[in-house]
Amino acid sequence: MKKPQVRKLFAAIGIAASLSVLPGCAVFDGIGKVQEVANKPVDMAELQKDAFALKSIYAGALRLGIVYLERPRCGQPTSPVICSEPAIVAQMVKARAVAGASVESADGAVYALGAQPTVAQVVVKAAQESVNAFKLIAETYGSK
Amino acid sequence: MGAAIVLAIEVASMIPTLIDAGMDVYQLWAGVKAVNDEAGPPTDAQRQQLNELVKGLEARFDAAAKG
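For the protein sequence lines, the chains are A and B, in the order given.
Letter by letter, the first sequence follows residues 1 to 144 in the numbering used here.
Letter by letter, the second sequence follows residues 1 to 67 in the numbering used here.
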């Protein structure tokens, strides 16, 4: 094989190798980040702030929910045009119950003596999801 | 940016809607300021104020749900 052909061959092998390795690097990078997050010590003060902010969002969602719930119920002969649907009311009540309980759990988990930070982190994350679900319903119907 | 500050921004973004809904947002705004990145964890007084606000709202929510 002549020298230029050898060079081309090595260049091709190099390009192929880098193409096949790059996505692999991205995967390793992703795994590295997951490990980094997993190994990062959980800051209890940050979790306490998170729980506090979540409770504030929950308070705001409650207020918007009240706007909707205080309207007369729909489906009655005397119901006005702007009214609250019983099905939505039921959905809102369920979402509020879950969000309220999870916010209290998060508050308890981040202030409990001897609480495991990783457990508290999971409880706060779960509370965030249920508060978001309640906020979504409350904002959708309460801010109209 | 910490999770707390992201949540605080979320609370702040709700404030105009809450004012429209007739809420006295002073306490919520205090909550937003309390969880900024530089601040330490909320004080007992701040927590107590927020707890009282939530309890009042929950009672009103539950009463309104009963119709």
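In case anyone wonders, no lab produced these hints; they're calculated from the structure.
Check the hints yourself; a few may be wrong.
Said to hold, decoys possible - Not the full set, but computed from the structure, chain A residues with beta-carbon under 10 Å of chain B:
no. : residue
1   : Lys49
2   : Leu54
3   : Lys55
4   : Gly60
5   : Arg71
6   : Arg73
7   : Ile82
8   : Gly100
9   : Asp107
10  : Val122
11  : Ala126
12  : Gln128
13  : Lys135
14  : Gly142
Unchecked claim - As a list, the in silico DSS-like pairs of lysine-lysine whose alpha-carbon atoms are at most 30 Å apart:
no. : chain 1 : residue 1 : chain 2 : residue 2
15  : B       : Lys55     : B       : Lys66
16  : A       : Lys125    : A       : Lys94
17  : A       : Lys94     : B       : Lys66
18  : B       : Lys55     : A       : Lys94
19  : B       : Lys55     : A       : Lys125
As the list claims (entries may be wrong) - Here are a few chain B residues that face chain A, going by a calculated C-beta distance under 7 Å:
no. : residue
20  : Leu7
21  : Leu18
22  : Val54
23  : Ala65
Backbone N, C-alpha and C fix where the C-beta goes; we use that ideal spot for every residue, glycine too.
Hints, one by one, checked against the model:
| no. | hint | in the structure |
| --- | --- | --- |
| 1 | Lys49 | holds (4 Å) |
| 2 | Leu54 | holds (6 Å) |
| 3 | Lys55 | holds (6 Å) |
| 4 | Gly60 | holds (4 Å) |
| 5 | Arg71 | holds (9 Å) |
| 6 | Arg73 | holds (6 Å) |
| 7 | Ile82 | violated (14 Å) |
| 8 | Gly100 | holds (6 Å) |
| 9 | Asp107 | holds (8 Å) |
| 10 | Val122 | violated (13 Å) |
| 11 | Ala126 | violated (14 Å) |
| 12 | Gln128 | holds (8 Å) |
| 13 | Lys135 | holds (8 Å) |
| 14 | Gly142 | holds (7 Å) |
| 15 | B:Lys55 <-> B:Lys66 | holds (17 Å) |
| 16 | A:Lys125 <-> A:Lys94 | holds (19 Å) |
| 17 | A:Lys94 <-> B:Lys66 | holds (13 Å) |
| 18 | B:Lys55 <-> A:Lys94 | holds (17 Å) |
| 19 | B:Lys55 <-> A:Lys125 | holds (22 Å) |
| 20 | Leu7 | holds (3 Å) |
| 21 | Leu18 | holds (5 Å) |
| 22 | Val54 | holds (5 Å) |
| 23 | Ala65 | holds (5 Å) |
This entry does not satisfy hints 7, 10, 11, going by the numbered hints stated previously.
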